[in-house]
Each structure stands twice: as C-alpha cells, then as structure tokens.
Amino acid sequence: MNRHEKSTNAPSLLRNRFLQTILLSSVLLQIGIWVRNFAILLYVADRTNNDPYAISLISVAEFAPIFVFSFIGGTFADRWRPKRTMIWCDLLSAVSVFAVLLTVHYGSWHSVYLVAFISAILSQFSQPSSMRLFKYHVAEEQLQQGMALFQSLMAIFMVLGPMLGTFVYSTFGLETSIAIMGVVFLLSALVLIRLPEDNLKPKTDAAKGQFRKEFIEGFRYVWNSKVLRMLGLAFILAGLAVGVAQALNLFIVTERLGKSKEFLQYLLMVNGAAMLIGGGVVAVFAKRVPPQLLLAIGMLAGAVCTVIVGYSTNVPLTLTVQFLNGLVFPCIHIGISTMILKWSHTSIVGRVNGVLNPMFVGMMVVSMSFAGALKDAFSLGTIYSGAGLLFFLGALVMVPIMNQKAPDHAYAAQET
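If you're matching positions, the sequence shown starts at 213 in my numbering and goes up one per residue.
Honestly, the hints are just simulated from the structure, not real lab data.
With a straight-line cut-off of 25 Å between C-alpha atoms, the simulated DSS-like cross-links for lysine-lysine are:
1. 554 to 617
2. 617 to 438
3. 425 to 554
4. 587 to 471
5. 438 to 554
6. 438 to 425
Given the sequences, and given the hints that come with them, work out the whole structure.
If you want it as structure tokens, here you go:
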C-alpha cells in the first residue's frame, strides 16, 4: 500500500496504534529524563557546594553527544530497522543506568555524568528512528496534528517535570532516582515491542559499505532543497536567540523584576502551562495552516515577547508576556518538525534530522557561552533586543518559501 492510499483511508489520529505506542513510550522516557536531570543537578550541587564548573559539566554531558553523534546516528537510523533500533537503544540505556548505579553505590560519584552522557548518545540513534517511523505510519495530512500532540506532551512535563524530579530526589535520594530512570527505560523498551512492523528493510550487504557516501548524502540533500536550506538558517538564528535568552533568564528575575532567584520557577511554570494550551490549540487548527506559516508566526511572536521581557520591570507584564510567548512557541517546534517530515523522503529522514538538529543546539550552546560576556558589555534590554532581532530574521527567512509545496516523492513510503 503506498502513502497516498494510506492517507486517503487514514483512521482517527488517536486510534493510530503507532502513535498510541510512541506516546506511551515518550511519557515513560520523559519521567526518566526529568528525574535524571534534577537528581544529577541537585546531587552535584550538594556534593560540590554549588561549584559552577561542576554544574556546567552536566550541560556538556547532555549536549556534547549531539554534535558528535547526531550526524552519525541519523545515518545509521536510515540504515537499520527503526523499530529494532529504538528498542535496543532503550535497553542499552537501561543497562548503562544500572551499571552507573553500581559504580555510584561503591563510591565513584563522578560517574553520574555518564548517565546523561550515554543516554544522550543513544538518543541520537533513537530519535531519528522515531521520526522515520512517524513519517511511515502517520498519514501525511495528520503529521502536523501528530507533532502538536508531542508538543503538548513536552509542555506537560515542562510544568510537572521539575516538581517530579525534585520530589523524587528529595524523598528517595540519588540511587533510587537513578534506579527509577533505569526501570522506565526498560518499560519503554517493552512498550515499543507493541509498535506495528515497519517493513522498512535494513540496507543490503552491498550498501553497508557506503556509510561515508550516505553520510555526505544527508548534507547534500539538505543543501539541494531550498526549503530545508532555509529551515537550517532559521535553526541557526533561533538557536542563537534561545541560547542567550535562556542563559540570562535569572538576571531578568533578579535585576529587572527585583525578585529572588527562586522566582524563576514561576516564569518557567507559566511558560510551560501556556505551551500545553498552545500545543492543544495548534493541534486543532494544524491541518489548515502551512508549517512555514506556523514557524514564521512562532518566530515573530518570539521576537516581540523577547524584547518586551528584556525591558519590562513589571512582574504582571513579564508573566503575561511569558504566557503569550509560551502559547505561541509550539508553532516553532511543530512547524520545524512537520517541515522536516514533509520535505524529506522516508529513506533519508534520519540524516536530514541529523544535519539540522545540531545547527539549533550548536548555536544555542555558542550563544550561552557568550552570554556572560554580553552581559558585562551590554544592558539586558539591548541583549534581549538583539535576541528578538534574531527571531525576526528567522521569520523573514520563511517568506521566500511560504508558498512552497512539499514534493510528492517525500510522501511516498518506501516500497518493500
């Protein structure tokens, strides 16, 4: 059955067995990730007396694998059976977590960094495989709604995750927190067994020796597509803007609003709650709005809200703007994910994702690195105005491709 036939007779989105399974797996993984993030953060802070270098190494452990393994993971995701790849990644994550738990138990506390590092490496193989299956099992006209459901799930955990992670660590300690992470990875692997067979066959023996050629093909595919090329530029601009804004959020709270650093959690919770609502709204209207327009709307809203937050000294105004920004932010995530899926052939989705994802994360880390120097040289209003300008330029990048239609070959599932 080809993709067009599947689209014509597409069942209700929530009755899609693939989507049901992948959402349940994602819930389990999000529980593990948030428990891990806060357990490691709070444990390292306690152990090192809030040493900024030790705490910053957590981010290095989480983000460094994206630069090194995203391209490689995306290429292998296109070569291997995606269902099997995802199950093995979750199983290996669970094994690595329990191995680290043993080393922590016997006194090597520095090994907690390995929990984040190994998990981040394996996610670079699992995540593009999930995208590939998403394109294969979800009808083309339902892709954007499906992405909106994922965005809503992420928003739920942005609100609940910090509280869950803090509660588990404060109540049970580090070792139990790590054990919980290992258990949910095992449960996720078991849930993924329920995935329908993908029928996406692995590469033949003749093709297995062409890794370098396929690796380069991913970059060439993105470069030859005007839409994906412009999307890459939007990734870079958004990454620069998000990185500097996130790094200096604490100073918005303490310097612009005159509040204690603990008040930052309320800004984040307001933003997360709005993202949950926004994801639901976008899910309802997603079919009627092109993904390029969704992304441009999100970027424009981000531009205006970022500038206002940079200059506001009024708490109600800042909270309101944070809410509005969170309400529209899902447009960015959903627009980007949908464009990658629509403009990429099933056989190369993993590599396209592997090429584009590091552009955003890389620029975010770069701007985070320079945020301190910028803070010393410029006022918060000026810095946030610059971030707002980057968002605005990202929206303008969408204008030349606003009326582009996805190629028919990108919809076609691989014949097996």
